[in-house]
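Participant: Hey, can you work out the whole structure from these sequences and the hints?
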Amino acid sequence: GDSVTQMEGPVTLSEEAFLTINCTYTATGYPSLFWYVQYPGEGLQLLLKATKADDKGSNKGFEATYRKETTSFHLEKGSVQVSDSAVYFCALAQGGSEKLVFGKGTKLTVNP
Amino acid sequence: DTAVSQTPKYLVTQMGNDKSIKCEQNLGHDTMYWYKQDSKKFLKIMFSYNNKELIINETVPNRFSPKSPDKAHLNLHINSLELGDSAVYFCASSLEASSYNEQFFGPGTRLTVL
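Chains as they are written, first to last, in the numbering used here: chain A, 2 to 113; chain B, -8 to 105.
A portion of the hints provided could be inaccurate.
Below 27 Å or equal to it, Euclidean Cα-Cα: the simulated BS3-like pairs (lysine-lysine) are [unchecked claim]: (1) B:Lys27 to A:Lys100; (2) B:Lys10 to B:Lys31; (3) B:Lys10 to A:Lys61; (4) A:Lys108 to B:Lys32.
Which bits of chain B does chain A cover? Going by a derived footprint, with three or more residues having C-beta under 8 Å, they are [what the hints assert, rightly or not]: (5) 23 to 35; (6) 76 to 89.
Think of the hints as simulated: they come from the structure by calculation, not from any bench.
The structure displayed is predicted, hence computed values, not measured ones.
Heads up, the beta-carbon is just placed ideally off N, CA and C, and yes, glycines get one too.
Facilitator: Below, the structure written as structure tokens:
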């Protein structure tokens, strides 16, 4: 079945550091790809998405590019802030289906 | 002006009890979901409803029964609670049953079974 693999956390960075959280997927066809973020004590929020190969999703300084050849959707940010501390989830959905398949989440802590 | 709300926020109960978690969305969405997040933060879909009809039912024990009285509400009833049911349960909604529509999540209900 479809699956998403994220880099193991936790990840701890200093403010203004560069962030990469790796995400790879296994799926038949051409899924849509997502990054969701969960701030402490809250539900998940959609951060960005891409629906086809080579699309780049971006939001709040975060970016991820849908790479079909490497089945990857790595999340990047050039300069993290303390307020970016959260758990980040990579997810996929097949062919317009509403069923999201999530990775295990990566906890990010940014220190001042 | 909460979009997706859940009650209660915390639920502590004994093994064998029956409990319910309520979810309401005021976004006018047609589709609602229940997710379970275990202690390792792994998040998995349990059910989804579209216009009060069940459309996704993952491999979930029969002790879990979702009920949708109208399209703004999706409640989760759990019978004969077990220790392994301890988790955070998230309700979510989307405009339609499609990956092209963003899912909006509630704040979660932390269930602890003793």
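Participant: Between Lys108 (chain A) and Lys32 (chain B), is the straight-line Cα distance small enough, at 27 Å or below?
Facilitator: holds (9 Å)
Participant: Within the stretch 76 to 89 of chain B, is the number of residues with a Cβ closer than 8 Å to a Cβ of chain A three or more?
Facilitator: holds (count 6)
Participant: How about the stretch 23 to 35 of chain B: do at least three of its residues have a C-beta closer than 8 Å to a C-beta of chain A?
Facilitator: holds (count 6)
Participant: Holds or violated: are the alpha carbons of Lys27 (chain B) and Lys100 (chain A) at most 27 Å from each other?
Facilitator: holds (14 Å)
Participant: CA of Lys10 (chain B) to CA of Lys61 (chain A), is that 27 Å or under?
Facilitator: violated (39 Å)
Participant: Is the Cα-Cα distance between Lys10 (chain B) and Lys31 (chain B) 27 Å or less?
Facilitator: holds (23 Å)
When held up to the earlier numbered hints, the structure conflicts with hint 3 and nothing else.
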